[in-house]
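Chemist: The lines below spell out each chain.
Protein chains: 2
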Amino acid sequence: MHELVERLLKGDKRAAARLITLVDDQDPIAAELMKQIHPHTGKAHIVGITGPPGSGKSTLVSKLALEYRERDMRVGIIAVDPTSPFTGGAILGDRIRMSEVVLDPGVFIRSLSTRGALGGLSRATFDAAMILDAYGCDVVMIETVGAGQSEVDIVRVAHTTAVINVPGSGDDIQAIKAGILEIGDVFIVNKADRPGVERIVGELEAMLSLDKDWRHADEDDDEHWTRPILVTVARDGEGIGEVVSSFEAHREFMDRTGTRKVVEEQRFESIIREMLGDLIIDLMERAVSREELEVMVADVAARKIDKMDAVERLMDRIMDQRGNG
Amino acid sequence: MHELVERLLKGDKRAAARLITLVDDQDPIAAELMKQIHPHTGKAHIVGITGPPGSGKSTLVSKLALEYRERDMRVGIIAVDPTSPFTGGAILGDRIRMSEVVLDPGVFIRSLSTRGALGGLSRATFDAAMILDAYGCDVVMIETVGAGQSEVDIVRVAHTTAVINVPGSGDDIQAIKAGILEIGDVFIVNKADRPGVERIVGELEAMLSLDKDWRHADEDDDEHWTRPILVTVARDGEGIGEVVSSFEAHREFMDRTGTRKVVEEQRFESIIREMLGDLIIDLMERAVSREELEVMVADVAARKIDKMDAVERLMDRIMDQRGNG
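One line per chain: the protein sequences are S and R, in this order. Read in order, the letters of the first sequence are residues 16 to 340 in my numbering. Read in order, the letters of the second sequence are residues 16 to 340 in my numbering.
Treat the hints with care, as some may be off.
Identical chains blur together in the list; that is why a pair holds if it fits in one copy or across any two.
To be verified - When the alpha-carbon atoms are kept at most 25 Å apart in a straight line, the in silico PhoX-like pairs for lysine-lysine are as follows:
| # | residue 1 | residue 2 |
| --- | --- | --- |
| 1 | K276 | K28 |
| 2 | K50 | K319 |
| 3 | K319 | K58 |
| 4 | K28 | K50 |
| 5 | K25 | K319 |
| 6 | K28 | K58 |
| 7 | K319 | K276 |
Calculated directly from the structure, the hints in this document are not laboratory data.
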């Protein structure tokens with residue numbers, strides 16, 4: 016077993032940080048280390064927390080971490096930021112807002128960047144969550160920025176997904192437009208000291224009432240999860256206990272109904288498909304030189320050959336390489 | 016040549032609509048049809064337009080279309096919405112806002128959904144833009160909802176990317192956090208009749224001044240593109256002419272400097288890599304039965320085998336299948 020993995024399993028924080036850096040950098044050694052870590056995972060509850068910019072995600076996550084600590088649980092926090100040379104300040108800002116928890120040894124906080132790799136973000140997030148699971152975190156919260164595909168990708172990493180909305184955000188249908196409503200297991204209306212809380216709660220209720228499972232749940236059926244709408248003022252700590260209790264209730268629901276096993280299998284199938292896509296790109300880059308690829312691409316851009324012709328040629332080259340290798 | 020492609024090249028609007036439906040549905044015939052369409056593309060200017068929810072994208076795009084029509088250009092509009100059973104109303108709302116242009120025969124408007132396919136959105140968008148190019152559109156505007164990865168993906172489809180911001184959106188750093196500033200060729204501050212315009216323009220200028228190329232451009236160097244910050248009130252048509260003129264200036268800049276060829280090659284390389292990833296998933300699904308895959312995934316979820324072991328086994332099965340096929 017690699018020394019870093021040994022140290023991780025003993026609860027060494029620096030080993031956890033180093034391993035997450037390796038997966039974030041897509042270091043070639045990461046796959047082998049993840050293989051060693053894999054059998055020591057499966058205990059942590061992975062919670063995804065998403066919402067539009069300005070909805071107070073970082074403050075909320077920070078308060079949730081404090082609440083989990085009150086309950087004697089070890090907490091991991093993964094903040095996912097898209098690659099940007101400009102984000103330094105924003106990330107620092109988030110970290111300052113999280114200052115209440117950074118000094119607590121029972122809390123591990125880490126930002127992920129992805130460094131521009133296509134699709135690398137959800138895989139790095141998945142592996143970082145596994146590392147914090149093996150490290151001994153009881154819960155790992157994944158906070159994402161933005162609204163759109165990255166939020167939908169969270170679902171593939173998390174057991175429980177919380178969607179944050181805020182009142183009076185100008186365009187109340189933003190969450191609906193972004194298509195993230197249906198991914199929520201728990202809904203949070205944060206900044207509830209602002210006007211317009213009833214309106215957004217009403218809109219959320221109306222939206223959720225369109226969902227078949229939700230209506231079933233309304234009938235007090237043990238087999239279905241009632242997707243709660245919770246109201247918080249994270250800055251003042253209001254409603255935080257209820258949010259943690261609802262996350263815990265969802266975890267218990269999943270364990271009781273066997274949903275957890277189904278969700279675990281979905282998570283792994285999704286990441287395996289993604290890794291297969293990554294592997295074929297690696298194999299292509301080994302089978303074809305940069306110059307050859309550029310000539311092929313230039314022929315496509317010049318409309319000499321079609322893009323699917325190029326794809327088929329690349330696949331043939333990969334197969335030849337692997338057959339001979 | 017397929018009848019639909021023949022009709023498309025003659026400018027048949029219904030054929031264009033039908034072909035876009037086929038790529039959006041990921042119909043197996045789509046790849047062959049795109050191959051036939053490919054040689055007839057390369058003329059249209061593909062413009063991506065992105066910004067946070069509530070920034071008035073649909074209204075802006077609608078006004079830009081009217082302006083392009085004034086200049087006797089044929090316009091395609093592709094509105095990209097994430098898959099959602101809930102978005103029906105929102106899409107309808109956008110379309111109503113676009114009602115000024117829907118009756119114009121020189122404007123083609125279409126929403127894309129992706130129907131939940133992982134990564135399928137940028138490929139469908141790419142192909143839809145090619146279809147509208149072959150159909151005879153001089154410009155194709157792609158409007159995306161949300162903020163995050165989907166915006167970054169636009170760049171891979173567009174020649175020119177416009178990023179919209181609005182004043183007083185509460186969290187002015189939202190575009191920075193979402194990492195989309197660096198993808199813009201043109202910046203638009205819409206809803207400029209609201210207070211706070213100077214502040215957001217100043218923030219954008221400060222951000223852009225960190226960018227090396229922008230500083231070069233400031234020195235009036237013909238080899239660099241000065242990323243403009245334009246102020247609009249799209250609802251009232253203010254500033255619309257300047258936006259279209261800056262899109263046209265960027266197109267001319269790309270043609271003059273040879274940047275267009277570079278951008279075309281980047282677009283195609285990116286989509287070829289994506290198609291290679293899609294192809295390996297197709298091949299996997301043909302090589303391995305659903306039951307076998309489920310057993311493998313269950314073994315990973317039960318921590319009996321590692322996820323990379325599963326990926327390698329799947330790759331071996333694909334290679335065997337292809338070797339024998």
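Chemist: Can you give the numbers of the hints that this structure goes against, from lowest to highest?
Modeler: Checked against the structure, the only hint that fails is number 1, while the rest are satisfied.
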